[in-house]
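Full structure from sequences and hints, please.
As you go down the protein sequences, you meet chains A and B in turn.
Using my numbering, the final residue of the first sequence is 831, and nothing's skipped along the way.
Using my numbering, the final residue of the second sequence is 831, and nothing's skipped along the way.
Keep in mind that the hints are not guaranteed to be accurate.
All copies of an identical chain are treated as equivalent in the list; a pair is satisfied when it fits inside any one copy or across any two copies.
To be verified - Capping the alpha-carbon separation at 20 Å, the derived lysine to aspartate or glutamate pairs in EDC-like fashion look like this: (1) Lys433 to Glu608; (2) Lys666 to Asp752; (3) Lys248 to Glu140; (4) Lys198 to Glu256; (5) Lys87 to Asp54.
These are computed hints drawn from the structure, not numbers from a lab.
Each chain, written out:
Protein chains: 2
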Amino acid sequence: MSAAIHGGRAKCLQRLVRLDLPVPTTVALSFDAVKKIAEGLMPDVTEILEPFGDAPLLSVRPSSQDPDWGGPGAILNIGMTDQLHAKMCKTVGEAAATSLYLRFIQSYAVEVAHLDPDSFDLPETPTHEALALALKAYEEEMDEPFPQDPARQISAVLASMARAWEGTTARLLRQARGAPADAGLGLVVQAMALGVGKGESGSGVIEFVNANNGLHQITGRYLSQSQGREALTAESGALYLTKDPRGKSLQEICPEAFAQLLKFGGICRKSLREEMQIEFTLEDGVLRILDAVLVQRTSRAKVRIAVALAEDGIIPRQEAIMRVEPTALSELLHRQVNPDADRDLIVRGIAASPGAATGRLVFTANDAQASAARGEACVLVRRETTPEDIRGMHVAQAVLTLRGGVTSHAAVIGRGIGVPCVVGASDLVIDRKAKQIVAPDGRRFSEGDTVTVDGTSGDVLAGEPPMLEAALDGAFKTLLDWADDYRDIGVRANADTPADAQTARNFAAQGIGLCRTEHMFFEPGRMAVMREMIFADSPEDRRAVLDRLLPMQRADFIELFEIMQGQPVCIRLFDPPLHEFLPFDKSGMRELADALGLTMSDIQSRVEALEEYNPMLGMRGVRLGVTIPEIYEMQARAIFEATIEASRNGAPVVPEVMIPLVSAMKEVELVKTNIDGIAASVANETGEAFDYRLGVMVETPRAALRANDIAEHSAFLSFGTNDLTQMTYGLSRDDAGRFMSVYVQQGVYEEDPFHTLDVEGVGELLSIGAERARESVPDITLSICGEHGGSRSAIDFCRSKGFDYVSCSPFRVPVARLSAAQLAIRDHAAI
Amino acid sequence: MSAAIHGGRAKCLQRLVRLDLPVPTTVALSFDAVKKIAEGLMPDVTEILEPFGDAPLLSVRPSSQDPDWGGPGAILNIGMTDQLHAKMCKTVGEAAATSLYLRFIQSYAVEVAHLDPDSFDLPETPTHEALALALKAYEEEMDEPFPQDPARQISAVLASMARAWEGTTARLLRQARGAPADAGLGLVVQAMALGVGKGESGSGVIEFVNANNGLHQITGRYLSQSQGREALTAESGALYLTKDPRGKSLQEICPEAFAQLLKFGGICRKSLREEMQIEFTLEDGVLRILDAVLVQRTSRAKVRIAVALAEDGIIPRQEAIMRVEPTALSELLHRQVNPDADRDLIVRGIAASPGAATGRLVFTANDAQASAARGEACVLVRRETTPEDIRGMHVAQAVLTLRGGVTSHAAVIGRGIGVPCVVGASDLVIDRKAKQIVAPDGRRFSEGDTVTVDGTSGDVLAGEPPMLEAALDGAFKTLLDWADDYRDIGVRANADTPADAQTARNFAAQGIGLCRTEHMFFEPGRMAVMREMIFADSPEDRRAVLDRLLPMQRADFIELFEIMQGQPVCIRLFDPPLHEFLPFDKSGMRELADALGLTMSDIQSRVEALEEYNPMLGMRGVRLGVTIPEIYEMQARAIFEATIEASRNGAPVVPEVMIPLVSAMKEVELVKTNIDGIAASVANETGEAFDYRLGVMVETPRAALRANDIAEHSAFLSFGTNDLTQMTYGLSRDDAGRFMSVYVQQGVYEEDPFHTLDVEGVGELLSIGAERARESVPDITLSICGEHGGSRSAIDFCRSKGFDYVSCSPFRVPVARLSAAQLAIRDHAAI
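Next up, the structure:
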């Protein structure tokens with residue numbers, strides 16, 4: 001690794017030399033050499049200085065191009081002495097020579113000798129007196145004159161750079177950035193091109209793309225009589241590069257040098273296969289190229305640059321695909337707070353659903369709906385969200401909760417519907433009476449105040465900072481289309497609503513891998529029917545009540561099938577515990593008692609009877625399906641009737657019906673018998689034939705362990721890694737937040753297993769399950785449909801086990817498509 | 001199987017014939033033969049009748065000795081005709097012959113022809129007129145005369161018996177009793193010995209043991225001029241067998257026949273290797289042995305009889321061990337409601353902790369303690385119990401809850417401390433205001449009313465029925481000592497308190513396999529300290545508070561170590577979530593606020609902050625140990641200081657320290673580092689050396705899957721099958737009650753997995769865990785310590801996987817010792 005770091009900038013400059021670009025003489029120093037000099041083991045540096053001739057004037061900079069890896073920040077210069085100064089007074093003029101010397105002394109005194117910067121302020125005009133004062137100040141502080149030997153200067157500079165690299169701060173920074181522990185500091189020593197002196201002398205920096213959007217655009221600055229990057233920081237006097245109505249430009253002043261610069265830029269891009277920022281100097285009108293570094297860029301620019309390089313034939317498409325980190329795509333899918341904006345932080349929580357949005361504070365789902373009805377953007381704040389809040393979440397611009405982690409209810413729903421969401425902002429206090437939130441710093445924000453939720457960073461900001469819009473441009477689509485040519489595993493979306501399904505379709509998901517049907521029952525009109533069903537006393541009564549839901553469910557499915565145009569739609573049968581449908585508080589119970597004509601004590605005793613200690617591990621999923629089969633029967637009928645209806649209007653639909661929370665083969669057998677019966681009835685009643693596939697959501701460890709016999713009754717197994725992770729770890733995702741950060745910090749868990757698929761534990765169950773399922777049914781369809789589905793590590797794992805597809809939130813589909821393609825390219829390259 | 005049933009009684013009689021006992025001529029009929037005759041496929045029965053000569057007088061009875069397998073209950077007689085009657089009038093007298101004929105007609109009419117019994121009542125005196133009337137009644141009902149052909153009689157009798165055997169009721173009964181589906185009805189046809197007639201004629205039944213306690217004792221009855229078992233049901237006139245002050249006895253009347261009977265009894269016992277009930281007849285003073293069947297017996301008698309047979313050299317010890325069902329031992333360990341007592345049922349719940357106890361109703365743990373203080377026996381009734389109820393459970397005679405299943409809190413604690421317990425009595429209603437329970441039949445029982453909880457049957461009874469005391473007699477100990485000679489897997493006890501430990505020791509447990517320490521913190525004085533600890537703000541404050549618990553914990557462990565006298569004691573570190581220590585209601589919070597000098601809102605917000613959605617999957621076990629290490633540090637110190645102290649007073653102690661709820665190797669590493677540090681400190685401070693073993697409780701599927709790396713830091717792994725079952729199934733034991741019975745009835749789960757170890761699912765994880773642990777540490781100690789530990793199927797499984805020991809409730813230790821021995825004997829026999 002350290003070799004690469006030694007080499008970065010040096011290799012790049014060597015290539016430019018080979019391309020006949022006018023690069024001043026350059027020597028690369030390895031970290032070993034730098035260390036030896038620093039430790040006094042290599043007292044003779046003449047070998048280094050040799051290529052530069054007599055009276056060398058040099059610049060030294062790190063060879064690493066990564067500015068975040070710590071170590072010396074500045075470019076340090078070497079070689080100015082009294083003697084050279086005197087000589088240069090004649091060649092470039094006194095003012096220029098003295099100014100240069102003063103700057104040498106200043107940077108040497110501050111960066112190398114670590115003297116007080118105040119004593120070496122640059123004077124307004126570079127006089128001999130000022131120079132004498134500076135030299136005197138140096139001598140007084142150091143008890144010796146300013147070194148007049150270039151060899152001594154370079155030794156001191158190298159030693160100081162090595163010390164800076166090895167300092168604690170730099171080490172910690174590198175560690176945090178993921179640099180290898182033995183990363184070394186290579187240096188590049190280069191003959192200085194003088195930007196001060198006679199004729200048109202100066203220095204500048206040029207880029208050929210817009211770093212924000214990646215479009216072709218020449219930007220940069222040029223400053224006469226300057227060195228290095230001074231043009232970028234100069235308060236005045238800097239020139240534009242291209243002709244500009246606002247002022248003078250390099251193009252006008254030195255058209256030839258400018259034309260050369262453009263030509264060299266093209267050579268750099270083609271040869272270095274990247275968009276480079278070029279540092280240049282004019283020395284009496286002669287162009288010198290000092291350095292070329294990668295253009296720093298936004299994610300959006302990254303995509304466009306990669307696609308453009310491939311379209312221009314400079315890099316192959318695979319490489320364009322490999323150059324974009326999949327997570328960078330997430331940023332493009334959502335509005336972002338402009339990185340340049342001031343951030344007035346209210347509180348920091350967990351970034352749970354990416355994107356940023358601004359709105360007025362509301363504290364209940366009802367208020368969110370009222371706000372939406374008035375056409376006002378709102379941000380819904382809840383201690384935590386429950387299924388009853390979903391309507392509010394759908395209409396809110398963003399959601400903020402005080403409790404929960406990345407897989408809490410709010411987070412899952414937020415990602416599903418693409419609403420920015422920050423959860424677990426536990427430092428925030430809600431003052432319900434005053435309808436206010438209280439920030440950790442004591443500031444209070446009331447209902448109606450404007451705040452911004454940044455679900456990408458986890459920040460909650462006061463007011464409305466400027467935003468960058470989402471950027472689903474052509475380059476984005478092109479890149480993903482290319483990715484699909486390489487991808488070798490399917491990508492579906494988890495989508496519960498027509499809006500989700502449309503998003504999935506827009507992002508080219510290959511079907512729906514998980515359609516949770518319970519959300520459909522939380523809609524206002526349906527909730528009341530569900531409650532009535534819960535209070536029904538006999539299967540007949542339940543059936544009668546559910547019959548009223550049938551047309552609504554059927555309509556839901558018809559809409560989904562039509563949007564998906566014949567692509568597979570995997571519908572999970574009803575899953576949540578019934579108590580989620582009952583009111584929690586007295587007033588809700590009283591309303592319900594009125595509505596159903598029951599007494600309060602009837603309601604209370606039913607609510608109490610349905611209470612659970614551990615709802616996660618309770619009466620839900622297939623356990624409801626077995627004990628109250630009427631619900632699944634209604635759903636199956638709705639699915640099949642919708643299948644016939646939708647197939648009539650368009651592509652033939654083959655629905656997939658998925659049974660949740662299975663722990664024993666018999667559960668599947670029982671439900672399958674029932675559902676096959678419903679299918680036969682529907683076929684008889686309508687006289688229409690249709691196909692469907694019945695499968696199992698593998699969420700309990702037992703289902704994975706018994707996959708061999710469960711597979712016998714299943715067309716597919718889809719691993720629900722959320723619940724499977726909870727049960728494998730014995731860890732509720734809603735309660736894990738309290739210690740997960742400590743656990744990850746201390747390395748107890750390498751990663752939050754709700755965030756990154758735990759290959760060692762949960763993955764073991766996936767492997768066992770897949771293997772055993774295939775033993776009994778070799779061609780069974782295998783997939784995962786948890787929150788992990790879109791992550792690179794999960795896709796990597798699923799590919800290695802030969803799974804058929806992954807399914808993830810609609811907004812993660814592009815990320816998953818890209819990740820899957822990268823993994824396929826990686827494996828192909830490895831062969 | 002059917003062969004055995006054909007053969008039971010027939011084989012037994014054949015053996016008695018070979019021993020020269022005076023058994024009348026006997027012929028065995030296989031089920032095939034019976035069926036052929038019944039179906040008319042074998043019209044000629046002369047072959048059957050041949051051995052009995054002319055004018056045969058025969059009895060027919062089932063060959064199966066199990067009275068519970070359904071089929072014909074009565075012994076049916078065959079062969080009486082007008083002709084034989086006339087002949088017998090001369091040989092045995094008119095009265096006897098007519099009485100016999102009347103009885104023949106009665107039983108044939110009722111049992112075979114299914115006529116109305118009222119029409120065939122026996123007359124006071126057996127006159128010719130009565131006989132004529134009976135024959136006429138038969139002829140009128142049947143439109144044909146009473147059959148005068150013995151062959152026709154036997155065909156009809158056999159057909160009726162076969163029909164009875166194959167009837168629905170009998171089938172269902174057999175199925176319920178676990179009989180094989182193809183079990184057949186063999187029959188025994190025997191020449192009738194006449195108990196009516198000249199000289200001393202009569203019949204009787206004799207047993208040589210007391211069927212209640214298994215001690216030697218001659219019991220039975222004899223009735224002159226009777227047939228079969230009439231002596232047992234006769235209202236008057238029956239004789240005692242041995243001399244008796246209350247009346248005449250067979251011993252006095254027929255001393256020779258009596259002496260013969262004793263001799264034959266001894267031969268039967270020795271030859272049939274069992275305690276038999278003998279049915280005999282005196283025919284004009286001559287003894288006939290008609291039948292010998294197993295003495296029906298209580299569990300207590302079963303043990304004593306088996307031991308006595310072995311001690312008398314009649315059966316080998318292995319066979320004595322195999323003859324006692326392990327579950328029968330449970331009955332001996334507890335008081336039982338006398339099976340003969342009338343039962344006034346209040347409600348039926350789930351039998352959760354065996355034994356029966358009577359007391360006055362109380363509704364809170366406090367009232368239970370007050371009751372105990374007054375010296376009054378009480379029964380604690382709760383909706384469900386929480387850790388705060390444990391003090392009340394300790395002093396109550398019995399516990400009754402409305403919710404929960406066999407592994408609910410109440411059930412686990414009840415079994416642990418040997419308190420009878422019925423749970424899940426969901427048909428009961430608690431009227432809190434009135435302090436009453438309301439039975440399903442509407443009866444109300446108030447606080448202070450006397451009720452009896454039968455934890456063996458699950459019944460709750462009104463009042464105080466008579467009881468049988470527990471019976472830990474010599475035979476019980478002898479049998480278990482013998483069992484230990486064959487047993488090849490260790491048996492430890494789960495014991496939390498000195499009382500538990502003493503019970504474990506009494507039952508010869510080989511150490512404590514699971515000592516749950518949290519109960520120690522729920523004692524009144526300690527609870528307050530725990531709460532203070534929860535509100536402490538820094539590790540230092542927590543440590544200071546915990547220092548006050550240290551001497552108490554140390555004293556706990558010293559007591560346990562001393563009771564266990566150097567046997568291993570495996571101490572599980574603190575496990576429950578902290579919110580269990582906080583008050584739930586306003587008044588409790590107010591008290592706590594006062595005690596700690598905090599505001600109500602401080603208390604409320606901490607209570608809220610510690611609330612969990614799924615406490616089972618939350619912040620407990622090692623997760624507390626990692627995030628709040630001070631608790632484990634205090635416990636480790638207490639354990640080590642107690643080790644030194646207890647070793648000083650007796651056998652050297654090597655404590656085992658067990659970490660709960662592990663899901664990742666790093667957790668073990670972190671805790672181990674801490675605890676090793678504490679051990680080193682204690683060794684340094686005291687200057688005393690000691691050993692200890694650190695291990696892991698495998699309760700999460702992930703711990704089993706990662707057993708290879710977890711084992712590297714562990715001296716032992718103990719599988720906590722309760723939690724492991726919950727997580728493998730994704731099923732909370734506290735919430736499973738609502739559908740478990742439906743699931744088991746429908747065969748979705750073969751058994752309640754909390755009751756019977758799920759070998760196919762949970763067992764898979766145990767296998768995987770054991771295998772992987774041994775891969776990295778071949779000699780690691782493996783065990784299970786869940787509620788399953790004492791069950792035969794779990795022991796069978798653990799033996800097959802080479803586990804070192806099982807650990808179970810103290811009261812199940814004898815059961816486990818016996819089961820383990822039986823399994824070892826079974827496997828040895830199979831070789």
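Evaluation of the provided hints:
1. Lys433 to Glu608: This pair counts as between: shortest inter-copy Cα distance 18 Å, intra-copy 28 Å.
2. Lys666 to Asp752: between (34 Å within a copy, 14 Å between copies)
3. Lys248 to Glu140: neither (44 Å within a copy, 137 Å between copies)
4. Lys198 to Glu256: Intra 18 Å, inter 150 Å, cutoff 20 Å: intra-copy only.
5. Lys87 to Asp54: within (12 Å within a copy, 154 Å between copies)
The structure fails to meet hint 3 from the earlier list, while all remaining hints are met.
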